[in-house]
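Trainee: For chain A, the structure is supplied; the task is to place chains B and C on it using the hints.
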Amino acid sequence: MGHYIPATKEEQQELLAAIGVKDISELFTAVPEEVLLKEPLNLPAGKSELEVRRMMEEISSQNKVFGTVLRGASAYQHYIPSIVKYITAKEEFVTAYTPYQAELSQGILQSIFEYQTMICELTGMDASNASIYDGASAAAEAVAMCRERKRTVALVSATTHPDVLATIQTYCYGVGAEVRIVPEKDGVTDAEALRAALAEDVCCFYVQQPNFYGNIEDCTALGEIAHSGGAKYIMGCNPIALAVLKTPAACGADIAVGEGQPLGMPLAYGGPYLGFMAATNAMTRKLPGRIVGETKDADGNRAFVLTLQAREQHIRREKASSNVCSNQALCALTAAVYLSTMGPEGVKQAAVQSMSKAHYFAEQLAAIPGVTVKNQGNWFHEFVTTLPVDTEKVLAALAENDILGGLPVQDGILWCVTELVSKEKLDQAAAIIREVCA
Amino acid sequence: MTNLEQLKYTKSHEWVLENADGTVTVGLTDYAQKELGDLVFVNLPIEGDEVTAGESFGDVESVKAVSDVFSPVSGTVAEVNEELLDAPQLINEQPYEAWLIKVENVGDKEELLTAAEYEAFIQGE
Amino acid sequence: MQLIFEKSKAGRGCTLLPACDVPEVQLPEELKREQALNLPELAETDISRHYTALAKRAYGVNDGFYPLGSCTMKYNPRIDEEIAALTGFTGVHPLQPAETTEGCQKVLALAEQYLCEATGMDAITFQPAAGAHGEFTGLLLIKAYHEARGEQHRNKIIIPDAAHGTNPASAVMAGFSVVTIPSGADGCVDLEALKASVDENTAGLMLTNPNTVGIFDSNILEITDIIHQAGGLNYYDGANFNAIMGVVRPGDMGFDVVHLNLHKTFATPHGGGGPGSGPVACKEILKPYLPGCASLTGEQPKLQMKAFHGNFLVVVKALTYMLTLGAEGIRNACETAVLNANYMMEGLKDLYPVAYGERCMHEFVLCLENLKKETGVSALDVAKSLIDHEIHPPTMYFPLIVHEALMFEPTETEAKETLDEAIAVMRELHKMAYEDAEQMHHAPHHAQIKRPDEVLAARQPILRYQAD
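Protein sequence lines, in the order shown, are assigned to chains A, B and C.
Here the first sequence is numbered in the numbering used here, starting from 60 and rising by one per residue.
Here the second sequence is numbered in the numbering used here, starting from 13 and rising by one per residue.
Here the third sequence is numbered in the numbering used here, starting from 2 and rising by one per residue.
Please keep in mind that the hints were generated in silico from the structure rather than gathered at the bench.
Please read these numbers as outputs of a predicted model, since none were measured by experiment.
Among the clues, some could well be false.
What the hints assert, rightly or not - Think about it this way: if two alpha-carbon atoms lie no more than 25 angstroms apart in a straight line, the pair counts; the simulated SDA-like pairs of lysine to any residue are:
| no. | chain 1 | residue 1 | chain 2 | residue 2 |
| --- | --- | --- | --- | --- |
| 1 | A | Lys123 | C | Ala328 |
| 2 | C | Lys57 | A | Ile142 |
| 3 | C | Lys417 | A | Glu85 |
| 4 | A | Lys345 | C | Ile463 |
| 5 | A | Lys378 | B | Leu97 |
| 6 | B | Lys114 | A | Ala341 |
| 7 | C | Lys196 | C | Asp162 |
| 8 | A | Lys106 | C | Leu87 |
| 9 | A | Lys345 | B | Glu59 |
| 10 | B | Lys23 | A | Glu377 |
| 11 | A | Lys484 | A | Thr450 |
| 12 | A | Lys97 | C | Glu7 |
| 13 | A | Lys144 | C | His442 |
| 14 | A | Lys68 | C | Asp162 |
| 15 | B | Lys46 | C | His442 |
Said to hold, decoys possible - A few chain B residues facing chain C, derived, Cβ under 8 angstroms:
| no. | residue |
| --- | --- |
| 16 | Tyr43 |
| 17 | Val52 |
| 18 | Pro57 |
Note that CB positions come from ideal geometry on N, CA and C, so glycine has one too.
Just chain A, same shape as in the assembly (with noise of 0.2 angstroms):
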């Protein structure tokens, strides 16, 4: 019959038989008459794999991929190496579900312990999930772990990324918890804002490093002020700049998320990307979500199982602290390719590269008259650069020339490099910024 059902006519006359019935509408007696569709759905007729092929390609032939990106804000365009794609392409990794029988599903279990533990190394931490949707919708679950019934409102620093914030906002609003934002200084939270914020009813602070504006915050005195005032302390982190950076643990965090796309993932429009959530061994019994554990089996053979279950929602119901079911599995094995590959040198090295092409690129966009970069301390691979021009005509230049440039923001740019982008492309794009400037 086509379309994925292996059964011909004659076949499924053979089972309607077997069951005793004549036609399959019978099957279908306990709908309604009134609401049984009369006619077929108002959508075109099915194609064959080579018509859906060809309209496909036609449809993405419409968006415009840009060959260097200079735009980044929580999507960053990485090298991914080649085998990255061929082993998350694998079809018993594609196409297993959520590994609930560990007796078949030991290729699964193990590939997320082993995430696990990579994220554990990355952040510093004690524990780690087996990941969730994005690194926004991990904040807001960040958020939900802290509450407690006297310490429901959570501070949330203003030079966090918008989308982050938002979420949090929306899932504070589900339960009818307060959200405050702790205001900014030159770029980065203000440390007295916060002091001044914490209060009884406080019960987290997050903060996101390197920030919104790329700036690299003061995570170890952030962290200490928030746990003077009794509040549990969040960190947002890009898993890139953590090869370099203090680790959320060294900086006091308790629990450590982020947005795990950098981690081998391709810009995809905004996803599938990767939520990651790691936290103290005091916090680790309120992680949502699936975590794997290491165990024995009946004949004491190294066994992996999904564990912890009893906090989750298929058991808790309505007293679970969170709904999460289905995680981002492939993802979280996409980051644990790329770290393999990558290894502890070559992501240092991403993270080196980054960091010092975007100061490159500043440098250079620096020299251009009427040109000034707002970042004043020290920062990662994203900057915020004021322009005498209007934003979209530089934009548009560069465009011309294959280039995405970065976001317009309210007081300028912001900028993102990678180690993707040679010198070569850098000095190509300054030079065209400092002809539209001119």
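Mentor: Okay, now just chains B and C, sitting in the frame of chain A:
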């Protein structure tokens, strides 16, 4: 070994020891631990929390289930058996030694059963 | 099998990046990472073989029969994967100017057209990343709707006791309290219990139809009307949408909002647990509250579930699938799924009692309570024994209202011979339960591992590898 005759019981399978100083010690009965199976974690209140007679004060987890534990009395949590946080299996191994909480300032009480009444009650379950 | 960390050798690696072509910038000491970064150090050969070995210890629907009830494990077409891997989709930055992303917008518009038509809804959001995320989204729409009408006192969501655990968990996340209603003797909604549960505080009802025992609730129009009369809205949990697509639409049955699991009904792969996609479709009245994206619009939306446009590539796969099937194909898939389930149930029901009803929709639930009483062989033992026959076990111990439940969902992509073989194996296991129960208590015997000690795993959690 605790003398089971000294204890009182609830229909939700907690045992209750009324101490001489007016405090009350609460645990789970042998019947309860058998029904629940191997326990892997307990969620207990903290010292100073208020508990209410007939309401849940914590829960116990097995691999595939979670069950509330109900307080037989109203009062203030005076002490928590923190040993259970690392070794929940003690409830399976010695249910009448592995107490969960001690309650002080005891006010209202649930209707409690004697050992004989509880025995009869679980026969009927 | 060794962990990838145990295979690591200091000094091994891959040559991936060129030398840095600009002056290197270093962080000041006080900001630098102090802890060593212990990631595996391996050659590409080691990595390739490690993951190939892991893949051999995994089992997907493209490997074999996977009748996991409520999960709709249908075959995942390869063309869908190829299309989603096109650079024209993977290379697009989510914050590119709109005039450079017309293809992506077209994908979303087409998917919207197909899914709104199939569900009978008016608008959709693709932001939710999974079914549970969709439930949370849909319930927030209901919350926002009541608030906008000044009816914030409506804080109760009615959910049948047979519902999936995510339903009550999602309701609580959206700030509602849960009113659980017992199922009737036929496994369906008890109309009297429903009528008794509604009042001026009713915000809505969450329901899946067919329900979790695989039966289509014939009273559906009365049910949704009771809720509407009480001023509430009806939420359709799309977990079982494969049973009705092309035949009947939630929008016509009185539902106001629905989430779909593209990773179930629309053949996108589960990836070992995700990524999924849980778009939420709704009637016009809820459209004003659909989530937005702050970074795209520069404005704070009322609701935002995650960053950007959702799991876009998953939508690409689902659209490819829907284009392939078309109107007729969508109906055929549904009808064949229901046919296959009834055929399989017919072949088993004399040995294994069916929990409810004479006919089923796309899945059915067997009750093994009697088998356990007579032989000691539990639903778990039967499920684990199936592994030795290279069949993925069905869903076990769900729904909670059926004791010793096994829930089978064969889907439309399985051939008659696959169903016949599974029936034969299940019948063989029934016989074995009476002859050699002991053997079944220890099954599987030929799998990757014997039964794991889950109590040990939970009591002394080892959640990461630690080098000695």
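Trainee: So, for every hint listed, does it hold in this structure?
Mentor: Hint-by-hint comparison with the structure:
With a CA separation close to 31 angstroms, the supplied pair Lys123 of chain A and Ala328 of chain C exceeds the 25 angstroms bound. Distance check on the hinted pair: Lys57 of chain C and Ile142 of chain A sit about 17 angstroms apart at the alpha-carbon level, within 25 angstroms; holds. Restraint check for Lys417 of chain C and Glu85 of chain A: satisfied, since their Cα atoms lie roughly 20 angstroms apart, inside the 25 angstroms limit. For the given pair, Lys345 of chain A sits about 16 angstroms from Ile463 of chain C by alpha-carbon distance, which is consistent with the 25 angstroms threshold.
For the hint linking Lys378 of chain A to Leu97 of chain B, the alpha-carbon distance of about 20 angstroms falls within 25 angstroms, and the restraint holds. Pair hint Lys114 of chain B plus Ala341 of chain A holds up; C-alpha atoms about 24 angstroms apart against a cutoff of 25 angstroms. Taking the CA atoms of Lys196 of chain C and Asp162 of chain C, the gap is about 16 angstroms. The hint holds against a cut of 25 angstroms. Note on Lys106 of chain A and Leu87 of chain C: the hinted pairing holds, with a Cα-Cα distance of about 19 angstroms set against a maximum of 25 angstroms.
For the hint pairing Lys345 of chain A with Glu59 of chain B, the CA-to-CA distance comes to about 20 angstroms; that is within 25 angstroms, so the pair holds. Restraint check for Lys23 of chain B and Glu377 of chain A: the C-alpha separation of about 24 angstroms stays at or below 25 angstroms, so the hint holds. Among the hinted pairs, Lys484 of chain A with Thr450 of chain A is consistent with the structure: their alpha-carbon atoms are about 20 angstroms apart, no more than 25 angstroms. Between Lys97 of chain A and Glu7 of chain C, the direct Cα distance comes to roughly 62 angstroms. Violation of the 25 angstroms bound is thereby established for this hinted pair.
Straight-line distance between C-alpha atoms of Lys144 of chain A and His442 of chain C comes to about 41 angstroms, which puts the hinted pair past the 25 angstroms bound. Simply put, Lys68 of chain A and Asp162 of chain C have alpha-carbon atoms about 39 angstroms apart, too far for the 25 angstroms limit, and the pair is violated. The straight-line distance between the Cα atoms of Lys46 of chain B and His442 of chain C is roughly 20 angstroms, inside the 25 angstroms bound, and the hint therefore holds. This hint is violated: Tyr43 of chain B has a C-beta 20 angstroms from the nearest C-beta of chain C, more than the 8 angstroms allowed.
Annotation: interface hint on Val52 of chain B holds; nearest CB of chain C at approximately 4 angstroms, less than 8 angstroms. Restraint check, Pro57 of chain B versus chain C: the minimum CB separation of about 21 angstroms is more than 8 angstroms; hint violated.
Of the numbered hints given earlier, the model fails hints 1, 12, 13, 14, 16 and 18; all others are met.
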